[in-house]
Amino acid sequence: SCLLIVAGIVILVAHFVQTRQPGQASSGSISVSQAQQIEQQLQQADSLSNAGGAKNQQAALVLFNEVLSEDPSNPAALASAGWLMWNLGTTSHVAGYTEDGRAEVTRSVSVSPTYYQAHLYLGLILAIQDHNNAAAVVQFDEFLADGPPPSELPVVASEVDPSYVAVGKPVPAGLVVPSATTTTTTSAP
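Counting from 3, one number per residue, gives the positions in the sequence shown under this note's numbering.
Everything labelled a hint here was simulated from the structure, so no lab data went into it.
Watch out, some of these pointers could steer you wrong.
[Said to hold, decoys possible] Taking CB as the label site, the calculated pair distances span:
{"id": "1", "residue 1": "Ser75", "residue 2": "Gly176", "range": "26 to 32 Å"}
{"id": "2", "residue 1": "Ala136", "residue 2": "Val157", "range": "20 to 26 Å"}
{"id": "3", "residue 1": "Glu72", "residue 2": "Pro164", "range": "34 to 40 Å"}
{"id": "4", "residue 1": "Pro152", "residue 2": "Ser49", "range": "17 to 23 Å"}
{"id": "5", "residue 1": "Glu154", "residue 2": "Ile130", "range": "17 to 23 Å"}
{"id": "6", "residue 1": "Gly170", "residue 2": "Val96", "range": "33 to 39 Å"}
{"id": "7", "residue 1": "Asp148", "residue 2": "Pro74", "range": "18 to 24 Å"}
{"id": "8", "residue 1": "Pro172", "residue 2": "Gln39", "range": "42 to 48 Å"}
Glycine included, C-beta positions come from ideal geometry on N, C-alpha and C.
Build out the structure end to end from the sequences listed, making use of the hints.
The following block contains the structure:
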(Lines of atoms letter the chains of each structure in order from A and count residues from 1; the text may use other names and numbers.)
(Lines give C-alpha, C1' and ligand atoms only; values in the text may rest on other atoms or scores of the structure.)
Protein backbone atom coordinates (compact mmCIF):
# COMPACT_ATOMS: atom_id res chain seq x y z
CA SER A 1 0.00 0.00 0.00
CA CYS A 2 2.95 2.34 0.66
CA LEU A 3 4.09 1.69 -2.89
CA LEU A 4 0.68 2.75 -4.27
CA ILE A 5 0.68 5.93 -2.16
CA VAL A 6 4.18 6.85 -3.39
CA ALA A 7 3.17 6.11 -6.99
CA GLY A 8 0.09 8.35 -6.59
CA ILE A 9 2.20 11.18 -5.16
CA VAL A 10 4.70 10.87 -8.02
CA ILE A 11 1.88 11.06 -10.57
CA LEU A 12 0.37 14.12 -8.88
CA VAL A 13 3.73 15.89 -8.65
CA ALA A 14 4.48 15.09 -12.28
CA HIS A 15 1.09 16.48 -13.31
CA PHE A 16 1.63 19.77 -11.48
CA VAL A 17 5.20 20.40 -12.67
CA GLN A 18 4.68 19.59 -16.34
CA THR A 19 5.05 22.55 -18.70
CA ARG A 20 1.93 24.49 -19.51
CA GLN A 21 0.96 26.44 -22.56
CA PRO A 22 0.69 30.24 -22.11
CA GLY A 23 -2.69 31.05 -20.62
CA GLN A 24 -3.29 27.48 -19.52
CA ALA A 25 -4.33 26.99 -15.92
CA SER A 26 -2.30 24.60 -13.78
CA SER A 27 -5.35 22.46 -13.11
CA GLY A 28 -6.35 21.85 -16.72
CA SER A 29 -6.50 23.26 -20.16
CA ILE A 30 -8.03 26.47 -21.37
CA SER A 31 -9.92 26.55 -24.59
CA VAL A 32 -10.73 29.53 -26.72
CA SER A 33 -13.98 29.50 -28.62
CA GLN A 34 -13.84 29.71 -32.39
CA ALA A 35 -15.45 33.16 -32.24
CA GLN A 36 -12.78 34.38 -29.81
CA GLN A 37 -10.02 32.91 -31.95
CA ILE A 38 -11.44 34.60 -35.06
CA GLU A 39 -11.67 37.92 -33.22
CA GLN A 40 -8.02 37.61 -32.13
CA GLN A 41 -6.95 36.77 -35.68
CA LEU A 42 -8.88 39.74 -37.06
CA GLN A 43 -7.32 42.12 -34.54
CA GLN A 44 -3.84 40.83 -35.29
CA ALA A 45 -4.44 41.05 -39.04
CA ASP A 46 -5.77 44.62 -38.71
CA SER A 47 -2.69 45.61 -36.71
CA LEU A 48 -0.39 44.15 -39.35
CA SER A 49 -2.34 45.77 -42.15
CA ASN A 50 -2.26 49.17 -40.44
CA ALA A 51 1.49 48.87 -39.81
CA GLY A 52 2.11 48.98 -43.55
CA GLY A 53 4.95 47.41 -45.47
CA ALA A 54 4.78 44.53 -47.91
CA LYS A 55 5.64 41.84 -45.36
CA ASN A 56 3.02 43.07 -42.90
CA GLN A 57 0.42 43.26 -45.67
CA GLN A 58 1.19 39.69 -46.73
CA ALA A 59 1.06 38.45 -43.13
CA ALA A 60 -2.28 40.25 -42.65
CA LEU A 61 -3.64 38.66 -45.81
CA VAL A 62 -2.59 35.21 -44.55
CA LEU A 63 -4.45 35.82 -41.26
CA PHE A 64 -7.56 37.12 -43.02
CA ASN A 65 -7.52 34.01 -45.22
CA GLU A 66 -7.18 31.80 -42.11
CA VAL A 67 -10.33 33.44 -40.75
CA LEU A 68 -12.07 32.81 -44.08
CA SER A 69 -11.07 29.15 -43.96
CA GLU A 70 -12.81 28.93 -40.55
CA ASP A 71 -15.73 31.23 -41.43
CA PRO A 72 -16.08 31.74 -45.20
CA SER A 73 -18.72 34.44 -44.82
CA ASN A 74 -16.98 36.61 -42.20
CA PRO A 75 -17.67 40.14 -43.49
CA ALA A 76 -14.64 41.74 -41.83
CA ALA A 77 -12.23 39.16 -43.25
CA LEU A 78 -13.86 39.30 -46.69
CA ALA A 79 -13.73 43.10 -46.85
CA SER A 80 -10.22 43.47 -45.47
CA ALA A 81 -8.69 40.58 -47.42
CA GLY A 82 -10.42 41.83 -50.54
CA TRP A 83 -9.15 45.37 -50.03
CA LEU A 84 -5.59 44.14 -49.47
CA MET A 85 -5.80 41.86 -52.50
CA TRP A 86 -7.27 44.64 -54.66
CA ASN A 87 -4.50 47.02 -53.60
CA LEU A 88 -1.87 44.37 -54.30
CA GLY A 89 -3.33 43.77 -57.76
CA THR A 90 -3.54 47.48 -58.49
CA THR A 91 0.02 48.26 -57.46
CA SER A 92 1.54 45.16 -59.08
CA HIS A 93 -0.70 45.38 -62.18
CA VAL A 94 -1.98 41.82 -61.72
CA ALA A 95 -5.56 41.78 -62.95
CA GLY A 96 -6.37 38.48 -61.23
CA TYR A 97 -5.57 39.92 -57.79
CA THR A 98 -7.57 43.04 -58.55
CA GLU A 99 -10.58 41.01 -59.68
CA ASP A 100 -10.37 38.59 -56.73
CA GLY A 101 -10.06 41.45 -54.27
CA ARG A 102 -13.01 43.30 -55.72
CA ALA A 103 -15.09 40.10 -55.67
CA GLU A 104 -14.34 39.56 -51.96
CA VAL A 105 -15.28 43.15 -51.08
CA THR A 106 -18.48 42.83 -53.10
CA ARG A 107 -19.26 39.52 -51.39
CA SER A 108 -18.75 41.17 -48.00
CA VAL A 109 -21.38 43.79 -48.91
CA SER A 110 -23.84 41.09 -49.94
CA VAL A 111 -23.13 38.89 -46.89
CA SER A 112 -23.48 41.76 -44.44
CA PRO A 113 -25.25 44.78 -45.98
CA THR A 114 -24.65 46.89 -42.86
CA TYR A 115 -20.91 46.29 -42.49
CA TYR A 116 -19.47 49.80 -42.86
CA GLN A 117 -15.95 48.89 -44.03
CA ALA A 118 -17.21 46.85 -46.95
CA HIS A 119 -19.17 49.86 -48.23
CA LEU A 120 -16.14 52.10 -47.78
CA TYR A 121 -13.83 49.73 -49.68
CA LEU A 122 -16.34 49.11 -52.46
CA GLY A 123 -16.88 52.85 -52.83
CA LEU A 124 -13.14 53.45 -53.09
CA ILE A 125 -12.79 50.69 -55.68
CA LEU A 126 -15.65 52.15 -57.71
CA ALA A 127 -14.11 55.63 -57.57
CA ILE A 128 -10.51 54.62 -58.23
CA GLN A 129 -10.85 51.74 -60.67
CA ASP A 130 -14.09 52.54 -62.48
CA HIS A 131 -14.07 56.35 -62.07
CA ASN A 132 -17.74 55.90 -61.17
CA ASN A 133 -18.16 58.60 -58.56
CA ALA A 134 -21.97 58.34 -58.56
CA ALA A 135 -21.85 54.66 -57.57
CA ALA A 136 -19.03 55.41 -55.12
CA VAL A 137 -21.15 58.06 -53.38
CA VAL A 138 -23.96 55.52 -52.95
CA GLN A 139 -21.48 53.22 -51.18
CA PHE A 140 -20.07 56.09 -49.10
CA ASP A 141 -23.59 57.06 -48.02
CA GLU A 142 -24.15 53.42 -46.96
CA PHE A 143 -20.82 53.54 -45.12
CA LEU A 144 -22.04 56.56 -43.14
CA ALA A 145 -25.48 55.03 -42.53
CA ASP A 146 -23.81 51.93 -41.05
CA GLY A 147 -22.37 54.00 -38.20
CA PRO A 148 -18.60 53.77 -38.55
CA PRO A 149 -16.50 54.79 -35.56
CA PRO A 150 -16.28 58.62 -35.52
CA SER A 151 -12.49 58.36 -35.30
CA GLU A 152 -12.41 56.76 -38.77
CA LEU A 153 -14.19 59.59 -40.57
CA PRO A 154 -11.29 62.07 -40.63
CA VAL A 155 -8.95 59.29 -41.72
CA VAL A 156 -10.98 58.50 -44.86
CA ALA A 157 -12.33 61.98 -45.62
CA SER A 158 -9.60 62.94 -48.08
CA GLU A 159 -10.23 59.76 -50.09
CA VAL A 160 -14.02 60.00 -50.01
CA ASP A 161 -14.65 63.75 -50.45
CA PRO A 162 -13.55 63.97 -54.12
CA SER A 163 -16.36 61.65 -55.20
CA TYR A 164 -18.99 63.89 -53.57
CA VAL A 165 -17.45 66.95 -55.17
CA ALA A 166 -17.31 65.22 -58.58
CA VAL A 167 -21.04 64.49 -58.55
CA GLY A 168 -21.96 67.91 -57.13
CA LYS A 169 -23.30 66.52 -53.89
CA PRO A 170 -22.48 68.24 -50.57
CA VAL A 171 -19.85 66.41 -48.55
CA PRO A 172 -21.47 65.02 -45.38
CA ALA A 173 -20.47 66.94 -42.25
CA GLY A 174 -18.47 64.11 -40.72
CA LEU A 175 -16.35 63.84 -43.85
CA VAL A 176 -15.46 67.48 -44.39
CA VAL A 177 -11.72 67.87 -44.47
CA PRO A 178 -10.80 70.90 -42.34
CA SER A 179 -9.51 73.70 -44.51
CA ALA A 180 -5.90 74.70 -44.25
CA THR A 181 -6.73 78.35 -43.70
CA THR A 182 -5.45 80.01 -40.60
CA THR A 183 -7.19 82.67 -38.67
CA THR A 184 -5.44 85.42 -36.86
CA THR A 185 -6.73 87.19 -33.85
CA THR A 186 -5.70 90.53 -32.59
CA SER A 187 -5.79 91.50 -29.02
CA ALA A 188 -6.60 94.92 -27.72
CA PRO A 189 -3.61 96.85 -26.33
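Status of the hints after comparison with the structure:
1. Ser75 / Gly176: 26 to 32 Å: holds, 29 Å
2. Ala136 / Val157: 20 to 26 Å: Given about 24 Å between the Cβ atoms, the range holds.
3. Glu72 / Pro164: 34 to 40 Å: holds, 37 Å
4. Pro152 / Ser49: 17 to 23 Å: Roughly 21 Å apart at Cβ, these two residues keep to the hinted range, so it holds.
5. Glu154 / Ile130: 17 to 23 Å: About 18 Å separates the Cβ atoms of Glu154 and Ile130, which means 17 to 23 Å holds.
6. Gly170 / Val96: 33 to 39 Å: This hint holds: roughly 35 Å between Cβ atoms.
7. Asp148 / Pro74: 18 to 24 Å: holds, 22 Å
8. Pro172 / Gln39: 42 to 48 Å: Between Pro172 and Gln39, where Cβ atoms are some 44 Å apart, the hint holds.
Figure legend: structure checked against the earlier numbered hints; every hint is met.
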